[in-house]
Amino acid sequence: MSILNKMFALKQFCRNKGYSTVLKRCLTLNVDTAFDNKVYRLHQIETGPSITSELEKAEALKLFKQMDMVRRTENALAGLYREKKIRGFCHLVVGQEAVCVGINSIMRPQDTIITSYRCHGWAVLRCESISGVIAELLGFQSGAARGKGGSMHIYGPQFFGGNGIVGAHVPLGVGIGLKHKYTNDGAVSVVLYGDGAANQGQVFEAFNIAKLLMLPVLFIVENNYYGLGTASHRSSANPEYYRTCSFLPGIRCSGMDILTVRESTRYGFKHILDGKGPIIVEMMTYRYFGHSMSDPGTSYRDRDEISSVRERKDAIQHMKNMLVESKLATPEEIKAIETENKKLVTAETEKAFKDKETPVEELTADCYKSFPFPMRVPKMHTWIPHKNIGKYGSVSK
Amino acid sequence: MASRGTITMKNMTTLGKVLSRRNFSTSKALGAKQLTVRDALNSAIDEEMERDERVFVMGEEVAQYDGAYKVTRGLWKKYGDKRVIDTPITEMGFTGIATGAAMAGLRPICEFMTFNFAMQAIDQIINSAAKTFYMSAGRVNVPIVFRGPNGAAAGVAAQHSQCYGAWYAHCPGLKVISPYTSEDHKGLLKAAIRDPDPVVFLENELLYGVAYPMSDEALGTDYLLPIGKAKVERPGKHVTIVAHSKAVETSLEAAKTLAGKGIEAEVINLRSLRPLDFETIIKSVVKTNHLISVEQGWPSCGIGAEILARLMESEVFYHLDQPAVRITGADIPMPYTKSLEAAALPRPEDVVEAVKKILKVK
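First to last, the sequence lines map onto chains A and B.
Take the first sequence: its letter number 30 is residue 30 in my numbering, and every next letter is one higher.
Take the second sequence: its letter number 104 is residue 104 in my numbering, and every next letter is one higher.
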């Protein structure tokens, strides 16, 4: 039986089982024209991730809910930015929700994550509350980093942040992997970076050491086709980032289908936990907003491109279609989740706004873990004692 | 470790000569055990690795080669691949990895073969290590030590002869140490390793082989010196000379010459550049009414510039009888040839001349 026949048979099987509580789906890559007919592209590995994927109803609805929540939170943040309530940089992840939600769903409690400045999706998934994420961008005291980090520097349990320096968090993530191996805690360090960072020298330095020391690191390239405004084929002599490293195996999958994201991540975890060393997974995705809120995103790509991706490939719409087609959820159930999320984001935004900006007394707090010395401030002849007030130890286990 | 014993013995044979040049030292411990700076660093690392399983060393040639300057000699044999990790010559990558390991809870000692090469990794030192605790509002601390030789060595020209004291001392989030004696190196490195924040530990290649007396206390495994506290190396009443690292030696030699002319110079060994122990400087200037800073680094925005600016801003300014002055390295990239290299760094006679000038002594 050829692969295509096999896939067809499985598809039929899935359809026939339509009333079950399990979403069982044969994966195809029709969501991305970059991929011919293969679900995965592989580099230095024989067999790739599974071409079928199963989801329990409860899990499927949870993942849909999370993706929808990430998008709604981001849209709320976009609104607050336009109202000038949010300052500085604001890089939205809208369009790429399947990547963070899908990876997160495979991670175990001991696993860690570090990502780039486009980190709000992870913040929504990992921080103590959504109001804490919104408050952080508002610069409020109840923010996840007490208003000191802002959009790019948000942290949560086992979440080592966004990072404002393109590529710099990749070695950091490998270092977190070194900790996992050193303490033998069985965890995997998941390190996400974009196509814009993929050609950084330090990324290759990190690949090299990760492989030499056989560290439990899952590298994930979130390829949204543009590093800032430069298309990947214009920035990269080899824009196929899953095969940029001669000694690391790689997989390319769609990042617009949460099931391929999950299967690829699962495969990556298994590869690492089987002792085969680090691996790169490239997920093809797309952002609908500009690079940041200050980028209208129309000079290097046209609106038609954005709307065409939105119409044909949107990850959340795709998930909805899968849920309905497989009869796992009715349109009403989906609507109910959306309504619930909408209410939640409104409530969390209101909750965030009940707080106020971090007071000036915190200016000189938490610069060091231990610093019994005064800190100088702009006011003439003025030094303020250093103090510690943050939630120390609330990231690393 | 037998190998370490051998090295100490070798140094002991040349010690007489070294000591005779250094008998101006105010050390109470005449006849006390002598230890080279290299061995002081080695025992500090060894003791802290023994004490805390989370402590490990990572850097170029630290393991099988026994350390480019033999500071980590014997540690790989004792602790193995897991805790003494040879890296490729890729500073940005391994510095980031060491920093990430610290964020996750380990206690890395990240060795730079020299701090000149740390410029390749300075983004990780500043943006990742120094700023994360503040950016995360105290959620993620980075207990890491960046260490290695800093400043001018001998005959290695511009790219390998630069003092980074002012560079790192500029940055909040870092603690910066620039030690002088063996006791300084041991007590401060142990304190740095136990410190919960990122510490930049600036050694000097030319001091590695120099032996200094070690008190019984300093030979013990719990010998810690406080970060942020300077040491009065030599008390005096006529002029205050503030220096760090090898410039302390220059200042002490100058003080010895001055003593022969009846001038008692007080020499302060800063030990820490950030935080800077300004209290000790104030106390001294109130007594001496004169200040000279001595450093091997460049003049612009240097450590001396900072000390003089702080003095100018403070009430102690009124205690000065003459304007304070800086003695610094020449404002040029380091030349290779011997005579020019010597002329590019402060010499004791430069300090002596400056002191005589501000004290108006002939």
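Errors might be hidden in some of the hints.
Sample of chain A residues lacking proximity to chain B, with all beta carbon distances greater than 12 angstroms (derived) [to be verified]:
| id | residue |
| --- | --- |
| 1 | R41 |
| 2 | G79 |
| 3 | A144 |
| 4 | L213 |
| 5 | S235 |
| 6 | S299 |
| 7 | A347 |
Restricting the straight-line Cα-Cα distance to at most 27 angstroms, the calculated cross-link-like pairs of lysine-lysine (DSSO-like) are [unchecked claim]:
| id | chain 1 | residue 1 | chain 2 | residue 2 |
| --- | --- | --- | --- | --- |
| 8 | A | K369 | B | K77 |
| 9 | A | K276 | B | K131 |
| 10 | A | K181 | B | K360 |
| 11 | A | K181 | B | K78 |
| 12 | A | K181 | B | K131 |
| 13 | B | K360 | B | K237 |
| 14 | A | K65 | A | K351 |
| 15 | B | K237 | A | K181 |
| 16 | A | K369 | B | K131 |
| 17 | B | K131 | A | K379 |
| 18 | A | K397 | B | K82 |
For the record, the hints were derived by calculation from the structure and aren't laboratory data.
All C-beta atoms, glycine included, are put in the ideal place defined by N, C-alpha and C.
Tested hints:
For R41 of chain A, the condition that its CB be more than 12 angstroms from all CB atoms of chain B holds, with the nearest at approximately 27 angstroms. For G79 of chain A, the condition that its CB be more than 12 angstroms from all CB atoms of chain B holds, with the nearest at approximately 25 angstroms. A beta-carbon of chain B is positioned within 12 angstroms of the beta-carbon of A144 of chain A; the least distance is around 8 angstroms. Not every CB of chain B lies more than 12 angstroms from the CB of L213 of chain A, the least distance being 7 angstroms, so the non-interface label is violated.
The beta carbon of S235 of chain A sits about 20 angstroms from the closest Cβ of chain B, which is more than 12 angstroms, so the claim that it is off the interface holds. Every beta carbon of chain B lies more than 12 angstroms from that of S299 of chain A, the smallest distance being close to 29 angstroms; the non-interface claim holds. Chain B leaves A347 of chain A outside its interface by the beta-carbon criterion, the shortest separation being 24 angstroms against a cut-off of 12 angstroms. Note on K369 of chain A and K77 of chain B: the hinted pairing is violated, with a Cα-Cα distance of about 34 angstroms set against a maximum of 27 angstroms.
For the suggested pair K276 of chain A and K131 of chain B, the alpha carbons sit about 34 angstroms apart, so the restraint of at most 27 angstroms is broken. Simply put, K181 of chain A and K360 of chain B have alpha-carbon atoms about 65 angstroms apart, too far for the 27 angstroms limit, and the pair is violated. A hinted pair counts as satisfied when its Cα atoms are at most 27 angstroms apart, and K181 of chain A with K78 of chain B qualifies at roughly 20 angstroms. For the hint pairing K181 of chain A with K131 of chain B, the CA-to-CA distance comes to about 26 angstroms; that is within 27 angstroms, so the pair holds.
Under the criterion of a C-alpha separation no larger than 27 angstroms, the hint pairing K360 of chain B with K237 of chain B is consistent with the structure, at around 15 angstroms. With a C-alpha separation of about 20 angstroms, the suggested pair K65 of chain A and K351 of chain A falls inside the 27 angstroms cut-off, and the hint holds. Using a Cα cut-off of 27 angstroms, the hinted pair K237 of chain B and K181 of chain A is violated, with the two alpha carbons roughly 57 angstroms apart. Under the criterion of a C-alpha separation no larger than 27 angstroms, the hint pairing K369 of chain A with K131 of chain B is consistent with the structure, at around 12 angstroms.
For the hint pairing K131 of chain B with K379 of chain A, the CA-to-CA distance comes to about 23 angstroms; that is within 27 angstroms, so the pair holds. For the given pair, K397 of chain A sits about 21 angstroms from K82 of chain B by alpha-carbon distance, which is consistent with the 27 angstroms threshold.
In terms of the numbered hints stated before, the structure departs from hints 3, 4, 8, 9, 10 and 15, listed from lowest to highest.
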